Amino acid sequence: MISAFITHSVVETERAGALLAPLLRAGDVVALAGDLGAGKTHLVQGVARGLGVTDPVTSPTFNLLLVHPGALPLYHFDLYRLEGARELEDIGFFETIEADGVSFIEWGDRFPGVLPHDHVLVSIARGTDDERRMAIESSGARGRELARQWLDVLGSRGRA
Amino acid sequence: MSVRPMTGSDIPAIAGIERTSFDDPWNEALFGDELGRPDRSWLVATSPDGRIQGYGGVMVTHGDAHLMDLAVEPGVRGSGLGRRLLWALAEGSVALGARRMTLEVAASNAAAVSLYESCGFDIRGRRRGYYPRTGDDALLMWSRPLGPHLDAMRAAVAGDDLVLAIESSCDETAASVMRGGTEQLSNVVASQVDFHARFGGVVPEIASRKHTEAIAGVVDEALEAAGVRLSDCHAMAVTIGPGLVGALVVGVAYAKGLAYTAGLPLVGVNHLEGHIYAARLLDPGLEPPIVALLVSGGHTMLVHITEWGRYETIGRTLDDAVGEAFDKVAKLLGLGYPGGPVLSRLAVDGDQQAIPFPRPMLRTDDLNVSLSGLKTAVIQYVEGERSAGRALRLPDIAASFQAAVTDVQVAKTVRAVNEHGARAVVLAGGVAANPFLRERLRGALDDMGVRLSVPPMDLCTDNAAMIAAAAHDAISAGRFLGLGADAVPNLRLGHAV
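Line order of the protein sequences matches chains V and R. Letter by letter, the first sequence follows residues 14 to 173 in the working numbering. Letter by letter, the second sequence follows residues 6 to 502 in the working numbering.
Simulated from the structure, these hints should not be mistaken for laboratory data. From a predicted model like this one, the values you see are computed outputs, not experimental measurements. Some hints here could point you the wrong way.
Claimed, not checked - Computed footprint of chain R on chain V; a stretch qualifies when at least three of its residues, placed anywhere within it, have a C-beta under 8 angstroms from a C-beta of chain R: (1) 37-51; (2) 61-75; (3) 101-112.
A virtual CB, placed ideally from N, CA and C, is assigned to each residue, including glycine.
Here chain V stands alone, though its shape is the one from the complex (with noise of 0.2 angstroms):
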C-alpha cells in the first residue's frame, strides 16, 4: 500500500508527528527515507512531542542512536555512516527494534532486508521551498494498521 501527503512547513513536518505518536505500540518500526535535509529529524521529533518526550531530540547520526524516555521509549537511529549491513549488529540494531519501545530510522532504506516484515517506510521528497511529500509505504499486518491510521487521522485533520 503506498499513500502520500504533503506538508508545506517544519511545523506541518512536526505536527504530522506527532499525530503518529498516539498510535504506536511497542515494537513499531517507521523507516524514513529521504535526501539530507528532507525533515527526517524534524519528523521524528514531531514523534518525540507527541509521546511527551522531554529530552532534546537531535539528529543521531554522530551516535547512530539516541534513546529518549518518553510514553514508549523511542529508538532514534541514523544508518548514514554506516558502511554496510554488517554494523547494524554492532550497534544492537536488531535487539533494539524488537524491544519494548518504537524504533524510527533514518536512512532506514539504506540496507535492503534488513527491516522486520512490520513496518512503515516514509519516503520524503522535497518540493517547492519549505514542501514535503511524504510517501507512505507498509510492510506487514500491523505495518499496514499503522499506516492506515496515521493516513485517516492526517486525513482527517486536513493536510496535516
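Model the placement of chain R on the given structure of chain V, informed by the hints.
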C-alpha cells in the same frame, strides 16, 4: 566546614536536625547512649562559626562498619557536606578495623540513595516494610573496600594520584594514565590505521566489536607507555555517557572488571565534562566562571561552568551538530565523509561573502542554534546551480557556509559570556580544530578582554586523558561508582554521576 567527634553537648542540636530528616527519628537518649562506646565513631560537621550542620555515626563489628545514622541540615543539603561526612566516617571505620561499610536507607529517599551510589555503594538487597511508621522498604547497600578509596582521595588531594582512564563512547577506543590530574604519562587512542595494521584486514568501522577487539591492547599499551603497573594506580576512571550504548558498555564493563580484580576505586566520568577538562590540562590557570562552547560531530552546546564540577547547559543545537553539518555539506559537495576538515581547508581559498547563506537563530532571544535550515539552504543552492548548468565554485560555497556557521556560534558564545559574566571561554570538541572558528572566536573575545582556552588538537578529539583529568577532581571530592553501575547513553551535563 570542619568535622570533629561528637560530644554530649552536641546532642540537642543533632536531635533537632534528626527530627527534620526522618519519619522515625532517634531521640536524645539514643544519641547519648552511643557516646563513649569503643566500637563506635560519631562525627559532627560544623560551619565556620561552629554551628552543627550535619552528623553521622558508625558501629564496627567483625570488620564491617554499619552506618547507623547520617543527616544534614535541610538548608545545606546538596552542598557536598553529606559526602564529606560519609568519607570522614569511613576513615573512622577503617581506624576501628573495618574494611567495608554497609547501611540501610529508605527506598523512597532518592537523594540519600543517590549520595551513597555516588560514593561507590551498591544496592545488595531490599527489606520489605522495614520502616514501621511508613511501611517503606529499606535498601541494603554495601561499599566497596574503603581503604583504597581513602588512599585515592588522599593522593588526589595531595596532587599525586595515579589514574588509569578508559574512553569508548563512540568511534575511538582510548586509554590514558595520568598523575595528579595534569601530568599525562600516556595517552593512547586506537585509530583506524592501527586497526588495519593490527588485524590485517577489514575491520568494522564502528562501535562495540571494534572496541571489544581493541580495549585490552589499548589499556596495556597505556600502562606500558606510562611505565606503571595496574597495581600502582589509585583508581580506574571510565566514560559512562553520553554516547552509543554498545560502545559505552565495552569500556564500562572492562573498567569494572579491572577495578574489581585490582581492588581499585572506580570513577564514572561524563564524556562532555571530559571535553571541558581537556582545556584545563594545558591551561592550569583557567578558572570559573567559564562558558564552554562544545562543538563536535555529535554535540553542539554552550555550558556555563560556575565552579569545576558544576555545569549548566545554557544553549544547544535544536537539530544537527556543527561537525555533522560540516560533514554533510562536505559530502554534498563530493568531498567524501567525514569531510569537515577538507571543507575547512577548501574554504581558505574561497570568498566567504560569495553566497549569502542564512544565519539561523542569530536573532532569537536565546542561546540555542539550529543548523538544519542552513544545511537545506546549501542543498538548495547547489541544486539550483547544477540545474542551471553552472559549475560549482566549491571554495566559495565552503567559505560562505563556514562563515555562516561560525557567525552564529561566535554570536551565541559572546551573548552567553555577557549574560553569565564569564571571564573565560573554553572551545572544545573535535570542531575546535577548525582554524576559522578559533580565529573568529579569539578576535571577538579579545575585544572583550575575555580569555579563550582551546585544548591542543589531540585533546580536542575523543581521548582518555581528558577523562583522567576530570576523574582527578571527582576523586578529590569523593565521587565514585559502584560495580553495579551501568553506562548512561543519554547522560546530560550537570546530572550527578
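Taking 8 angstroms as the Cβ threshold, is the statement that the segment 61-75 of chain V is covered by chain R upheld or broken by the three-residue rule? holds (count 6)
Closer than 8 angstroms, Cβ to Cβ, for at least three residues: run that test on the segment 37-51 of chain V against chain R and report holds or violated. holds (count 3)
Count the residues of the segment 101-112 of chain V whose CB lies closer than 8 angstroms to any CB of chain R, then report whether that count reaches three. Holds, because 4 residues of the segment 101-112 of chain V bring their Cβ atoms closer than 8 angstroms to Cβ atoms of chain R.
Checked against the numbered hints above, the structure breaks none of them.
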